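Novice: Required output: the full structure, derived from the provided sequences and hints.
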Amino acid sequence: ALAPAGAPKISFASDFADLLDEGPFTPIKMRPEEPALFLYTSGSTGRPKGVVLSHHSHLWAMAARQRWPGEPGQRSLVAAPLYHMNGLASSQATFSHGDAIVLLPQFTTKGYIEAAGRYRVNFLTSVPTMIAMMLREPELLAATDLSSVSVVRMGSAPVTQALIDQVRGVFPKALIANAYGTTEAGPVVFGPHPKGIKQPELSTGYPHPAVQLRLVRDGRLIEGDDPEGGVLEMKCGALMTHYHKLPEATAKAMTPDGYYRTGDVFRRDGNGFFFFVGRADDMFVCGGENIYPGEVEKMLERHPGIHQAAVLPVPDELKGHKPIAFVVRANGAALDEQAVKSYALANAPAYQHPRQVFFIDEMPLAGTNKIDKRALAQQIPTAGAPRE
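Number 312 in the working numbering belongs to position 306 of the sequence shown; there are no gaps in the numbering.
Please note that the accuracy of each hint is not assured.
Computed list of lysine-lysine pairs in DSSO-like fashion (alpha-carbon distance at most 27 angstroms, straight line) [what the hints assert, rightly or not]: (1) LYS376 <-> LYS328; (2) LYS328 <-> LYS347; (3) LYS258 <-> LYS376; (4) LYS116 <-> LYS179.
I should point out that these hints are in silico values taken from the structure, not numbers from a laboratory.
If you're wondering where the values come from, they're calculated on a predicted model, not measured in any experiment.
Specialist: This is the structure in structure tokens:
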């Protein structure tokens with residue numbers, strides 16, 4: 007049938023080329039301070055917040071990141087979501103250095119190990135929980151050629167000495183990196199010591215020369231080596247513009263002189279190296295004593311029979327709060343609740359020992375592959391004796 011009268015017509019003989027011609031393209035010139043992207047926080051301490059990052063802040067972070075030593079064409083394995091800073095920054099840094107990425111659709115222990123071997127990966131980027139889960143597959147690890155791995159980078163969560171020792175057993179020639187960064191201020195925070203002093207294994211590093219850091223406790227600056235440490239505040243070119251539609255949260259996060267309050271507690275040693283202690287808002291008081299769950303978890307994971315530990319507070323009428331622990335046993339370990347309590351009492355202040363211990367097969371993971379402590383907290387009322 008013929009087209010209705012008045013309908014637009016195109017002659018393929020004479021008009022089609024003009025239809026395909028989009029005309030001249032004039033790129034939009036963005037100002038450095040304009041928003042480039044939104045990244046959302048993990049929501050581990052509340053509802054996720056939209057972090058607005060400008061073109062300048064994003065490009066500054068990419069330019070400031072230092073490439074790991076090695077031949078061009080290195081391969082990184084990424085199994086973290088690209089809508090969070092960890093996975094996105096790792097991927098973009100890899101591309102900016104001319105290297106290649108092996109990007110997995112999601113993290114599974116088997117898929118991660120097999121991809122590392124199949125694609126001869128050089129850099130493993132991860133959070134500690136991913137590596138801990140990987141180490142529970144000794145047969146698959148033994149059957150997979152992982153000799154190409156030269157760097158194991160763990161970030162976004164605390165790293166324990168026990169985990170580092172296990173990683174070294176699997177990757178004896180690899181550099182093990184304890185990384186730190188934030189969505190609000192980017193991935194460039196720490197680096198090597200300017201005098202070449204060897205970095206302690208549990209340290210996140212020495213302040214990057216382009217980043218200003220300070221520790222604050224009870225409203226005062228903490229100078230030098232202080233065992234209690236303070237909350238890390240930082241200023242750099244990667245700072246966010248603001249939280250999307252959250253002016254009060256933005257004001258709370260930023261100081262009048264332009265520093266970002268990370269909410270992370272660090273201590274600093276005599277050489278200027280920083281050590282992560284825990285989240286300020288994770289800290290709870292038990293009988294007048296401050297407890298950081300991460301410190302208790304590190305202590306528990308030094309036990310050879312404990313593969314992973316997660317510590318949470320529960321209300322207590324007498325003490326205010328008391329610690330409990332979820333534990334994943336090491337392969338083949340015969341471990342009961344009393345053994346965990348006895349170990350804690352022998353290796354830490356008594357107030358830190360978990361009053362209850364729940365044994366589980368594996369830790370639940372949040373979308374960022376960190377341990378989902380909210381999910382663990384929901385198990386507490388139903389996890390009765392024998393706590394298995």
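Novice: For the pair supplied as a hint, LYS328 and LYS347, is the alpha-carbon distance within the 27 angstroms limit?
Specialist: Between LYS328 and LYS347 the Cα gap is close to 13 angstroms, so the pair holds against 27 angstroms.
Novice: Does LYS328 sit within 27 angstroms of LYS376, going by the straight-line distance between their CA atoms?
Specialist: Within the cut-off at roughly 23 angstroms; holds.
Novice: What's the verdict on LYS116 and LYS179, does the C-alpha distance respect the 27 angstroms limit or exceed it?
Specialist: holds (22 angstroms)
Novice: Hint check: LYS258 vs LYS376, CA-CA at most 27 angstroms. Holds or violated?
Specialist: holds (25 angstroms)
Every hint from the earlier list agrees with this structure, and none is contradicted.
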